[in-house]
Amino acid sequence: MALDFKLIHKNSDTKCAVLLFHGLTGSPFELKKYGTFLYNNGYDVYADCLPGHGDKFDEIYTVKYQDWLKFAYKKFEFLKEKYDDVFVSGLCLGAVIALGVGIKYKNEVAGVISLSTTLFLDGWRLPWYSFLMPVALSTLIRFYYSYPECEPHGIKNEKVRSIIKKLLEKGDVGMNDFPMTGIYELVKLSSKVRKYLSEFTCPILLIHSKEDDLTSTKSAETVYSKIKSQDKEKVILNNSYHMVLYDNEKDFVYEKSAEFIKQHTSIQYEVPVCC
Amino acid sequence: MLLKIFISLGILFSISLVLYRFFMKKIKNYTTKTRMVALICLMLFLYVLSGILIFIIHPDKFLFLLFALSPFIIGKTAVYKYEKYYTFIQILIIVISAFYASGI
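Chains D and W are the protein sequences, given in the same order. Heads up, the final residue of the first sequence is numbered 275 in this note's numbering, and it's a clean run with no missing numbers. Heads up, the final residue of the second sequence is numbered 104 in this note's numbering, and it's a clean run with no missing numbers.
One thing to keep in mind: the hints can contain errors.
[To be verified] In silico DSS-like cross-links for lysine-lysine, where the CA-CA straight-line distance does not exceed 25 Å: (1) D:Lys188 x W:Lys76; (2) W:Lys61 x D:Lys64; (3) D:Lys192 x W:Lys76; (4) W:Lys81 x D:Lys64; (5) W:Lys84 x D:Lys170; (6) W:Lys84 x D:Lys166; (7) D:Lys70 x W:Lys76; (8) W:Lys76 x D:Lys195; (9) W:Lys33 x D:Lys165.
[Said to hold, decoys possible] Looking from chain D toward chain W, a few residues come up when the C-beta cut is under 8 Å (computed): (10) Phe37; (11) Tyr39; (12) Thr62; (13) Trp124; (14) Pro127; (15) Tyr129; (16) Leu132; (17) Val135; (18) Thr139; (19) Leu140; (20) Ile141; (21) Tyr145; (22) Pro152; (23) Thr181.
Since the hints were made in silico from the structure, they are not lab data. Using N, Cα and C, we set each Cβ at its ideal position, and we do this for glycine too.
Excised from the complex, chain D in its bound form (with noise of 0.2 Å):
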């Protein structure tokens, strides 16, 4: 199941790339369309499954966050040395180490774009006893324990929703469960980032949905606050759950997204010359 995937203009002389991420459990599949969308608006979108994810499922219980900080950086250098200005974009976990990724190199990234930021579990989709949570992560109980895929997935369509569905019963979008210690490097990660916000200072999109049902705002709102870019700009969707990419809202994100890239790229296009 190889679900990587490379945009890539030929015969062209694009210099702006797009690294793509995805979220905890998933595969770029899930950013296909959005990368799709980006490479038609000009550029060059990369997308990798991150370590942990793909073929070999059992990899997610062995995967530590530094290898998908490791990874990242790794492909952001490559891609560095190849275009002029290089955009990091994702979704989820993905988000997160986007941040990480700003983080790093905030003066050579030309700009993050961060889909529902995952800093905090406490989206109205967690059961009550929730709050027990960090004792199986912090203890062997991570090891016997997956949180279950389950409704709403992540989605507000319903008709969106029941593809998915299909799509994850057949195994082809990702995998069905959040096992607990992917989850504990969630949050290990994401408690090095939040650490580590101040030093941030590329510019930076965030697009978060009021009713996401993994992630509440407070996520968005903690980066939009903490990080120290001049250059900075938060929206907050309606009509939408946690993925942002195939919910009501598509669309908007999409078109913004493309927009952010277009305003932050250094490239001046040519303009034909008028007489």
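Based on these hints, arrange chain W on the given structure of chain D.
Using the frame of chain D, we list chain W on its own:
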């Protein structure tokens, strides 16, 4: 009274951990599974709490603090590959703690 609660919780936690780890891990009903894990977490939380309370009341009984914190120490050092062995060590420590508490 607190000692009895500590012993009971330790025994209950050990039994439920063994049952869940070796027999019930493959349950397909997620609601049942989630509630069971939540119950195990609650027992563990109360075990830790009672251990800490005993230590506060009897500061000379330093071992209670170690017993209470053992799930977090083991959890921090455990790796997936050797998870079975860590589970065994965890249960052993809780059983020892129950014996130690009953001897006081």
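Quick rundown of the hints versus the structure:
Proposed proximity of Lys188 (chain D) and Lys76 (chain W) is supported: the alpha carbons are some 12 Å apart, at most 25 Å. Between the alpha carbons of Lys61 (chain W) and Lys64 (chain D) the distance comes to roughly 37 Å, so the proposed pair goes past 25 Å and is violated. For a cut-off of 25 Å, the pair hint linking Lys192 (chain D) to Lys76 (chain W) stands: about 17 Å separates their Cα positions. For the hint pairing Lys81 (chain W) with Lys64 (chain D), the CA-to-CA distance comes to about 14 Å; that is within 25 Å, so the pair holds.
As the CA atoms of Lys84 (chain W) and Lys170 (chain D) are separated by approximately 31 Å, the hinted pair breaks the 25 Å bound. Annotation: proposed proximity of Lys84 (chain W) to Lys166 (chain D) is violated, straight-line Cα distance about 35 Å (limit 25 Å). Taking the CA atoms of Lys70 (chain D) and Lys76 (chain W), the gap is near 22 Å; set against the 25 Å cutoff, the hint holds. A distance of roughly 20 Å separates the Cα atoms of Lys76 (chain W) and Lys195 (chain D); the hinted pair therefore holds under the 25 Å criterion.
Annotation: proposed proximity of Lys33 (chain W) to Lys165 (chain D) holds, straight-line Cα distance about 21 Å (limit 25 Å). Given hint, Phe37 (chain D) at the interface with chain W, is violated; its Cβ is 34 Å from that chain's nearest Cβ, farther than 8 Å. For Tyr39 (chain D), the shortest C-beta to C-beta distance to chain W is roughly 38 Å, which exceeds 8 Å, and the interface hint is violated. Given the 8 Å rule on beta carbons, the hint for Thr62 (chain D) holds: about 5 Å separates it from the nearest Cβ of chain W.
A least Cβ separation of about 16 Å between Trp124 (chain D) and chain W goes past the 8 Å threshold, and the interface hint is therefore violated. Taken as an interface hint, Pro127 (chain D) checks out: its beta carbon lies about 7 Å from the nearest beta carbon of chain W, inside 8 Å. With a least beta-carbon distance of about 4 Å to chain W, the hint placing Tyr129 (chain D) at the interface is held under the 8 Å criterion. Interface restraint check: Leu132 (chain D) against chain W, minimum CB-CB distance 4 Å, threshold 8 Å, status holds.
Using the Cβ-Cβ criterion of 8 Å, the hint placing Val135 (chain D) at the interface with chain W is satisfied: the shortest such distance is roughly 4 Å. Against a cut-off of 8 Å between C-beta atoms, the interface hint on Thr139 (chain D) holds, since the closest Cβ of chain W lies about 4 Å away. Annotation: interface hint on Leu140 (chain D) holds; nearest CB of chain W at approximately 6 Å, less than 8 Å. The criterion of a C-beta within 8 Å of any C-beta in chain W is met by Ile141 (chain D), whose closest approach is roughly 6 Å, and the hint holds.
Interface restraint check for Tyr145 (chain D): the shortest CB-CB distance to chain W comes to about 5 Å, inside 8 Å, so the restraint holds. Hint status for Pro152 (chain D) relative to chain W: violated, with the closest Cβ pair at about 15 Å, above 8 Å. For the restraint placing Thr181 (chain D) at the interface with chain W, the shortest Cβ-Cβ distance is roughly 7 Å, inside the 8 Å limit, so the hint holds.
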